Amino acid sequence: MDQRKWPVGALIIIAWGLIVSVVGIVRGIMTPAIPDLLSGVIGLVLFYNVFKFTPWARIALIVLLSLNIVSIVILLFVGMPVVHGVIAIALTSSIIYYFSRQKIRQLFTARKDKQISY
Numbered sequence: 210m211d212q213r214k215w216p217v218g219a220l221i222i223i224a225w226g227l228i229v230s231v232v233g234i235v236r237g238i239m240t241p242a243i244p245d246l247l248s249g250v251i252g253l254v255l256f257y258n259v260f261k262f263t264p265w266a267r268i269a270l271i272v273l274l275s276l277n278i279v280s281i282v283i284l285l286f287v288g289m290p291v292v293h294g295v296i297a298i299a300l301t302s303s304i305i306y307y308f309s310r311q312k313i314r315q316l317f318t319a320r321k322d323k324q325i326s327y
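So for the sequence shown, the numbering used here puts the first residue at 210; every next one is plus one.
One should not assume that every hint holds.
Beta-carbon label-pair distances, calculated as ranges [said to hold, decoys possible]:
id	residue 1	residue 2	range
1	241	317	34 to 42 Å
2	317	231	18 to 26 Å
3	298	236	20 to 28 Å
4	293	264	27 to 35 Å
5	258	280	17 to 25 Å
6	232	302	20 to 28 Å
7	317	293	25 to 33 Å
Quick list of in silico lysine to any residue cross-link-like pairs, SDA-like style, CA-CA up to 20 Å [said to hold, decoys possible]:
id	residue 1	residue 2
8	261	221
9	261	298
10	214	309
11	214	315
12	261	316
13	214	258
14	312	302
15	261	309
16	312	264
17	261	218
18	261	288
19	312	229
Please keep in mind that the hints were generated in silico from the structure rather than gathered at the bench. Keep in mind that this is a model prediction, so the values were computed, not measured. Just so you know, even glycine gets a beta-carbon here, dropped at the ideal spot from N, CA and C.
Please model the complete structure; the sequences and the hints are all you need to start from.
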């Protein structure tokens with residue numbers, strides 16, 4: 210039996226990611242938008258695997274969030290409101306930081322029979 214447990218903060222981030230992914234899928238179906246549908250499916254698969262402690266999922270999440278920061282910076286140069294960009298970059302950076310912390314990394318590398326005290 211897997212004894213690893215998510216801290217509440219991580220569960221909130223994962224739930225938020227799953228909800229946003231489902232909204233992207235629905236938006237992609239309702240208004241035939243392939244990018245929304247594709248990002249929704251990728252997000253759904255990614256956050257599900259993060260929840261299941263799949264080791265590659267944490268790294269993929271950090272990489273995709275880093276690419277998101279790059280895209281926000283580009284959007285700032287083409288007209289995105291600066292306040293929205295700064296808030297989005299701050300939220301994305303804090304999620305990257307959270308999933309880069311030692312205790313979260315240990316959750317992904319710990320053996321299934323070993324419990325991590327948080």
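Comparing the hints with the structure gives:
no.	hint	in the structure
1	241 - 317: 34 to 42 Å	36 Å, holds
2	317 - 231: 18 to 26 Å	24 Å, holds
3	298 - 236: 20 to 28 Å	23 Å, holds
4	293 - 264: 27 to 35 Å	33 Å, holds
5	258 - 280: 17 to 25 Å	22 Å, holds
6	232 - 302: 20 to 28 Å	22 Å, holds
7	317 - 293: 25 to 33 Å	32 Å, holds
8	261 - 221	15 Å, holds
9	261 - 298	26 Å, violated
10	214 - 309	17 Å, holds
11	214 - 315	11 Å, holds
12	261 - 316	10 Å, holds
13	214 - 258	14 Å, holds
14	312 - 302	18 Å, holds
15	261 - 309	17 Å, holds
16	312 - 264	14 Å, holds
17	261 - 218	16 Å, holds
18	261 - 288	38 Å, violated
19	312 - 229	25 Å, violated
Going down the numbered hints, you'll see the structure goes against 9, 18, 19, while the others check out.
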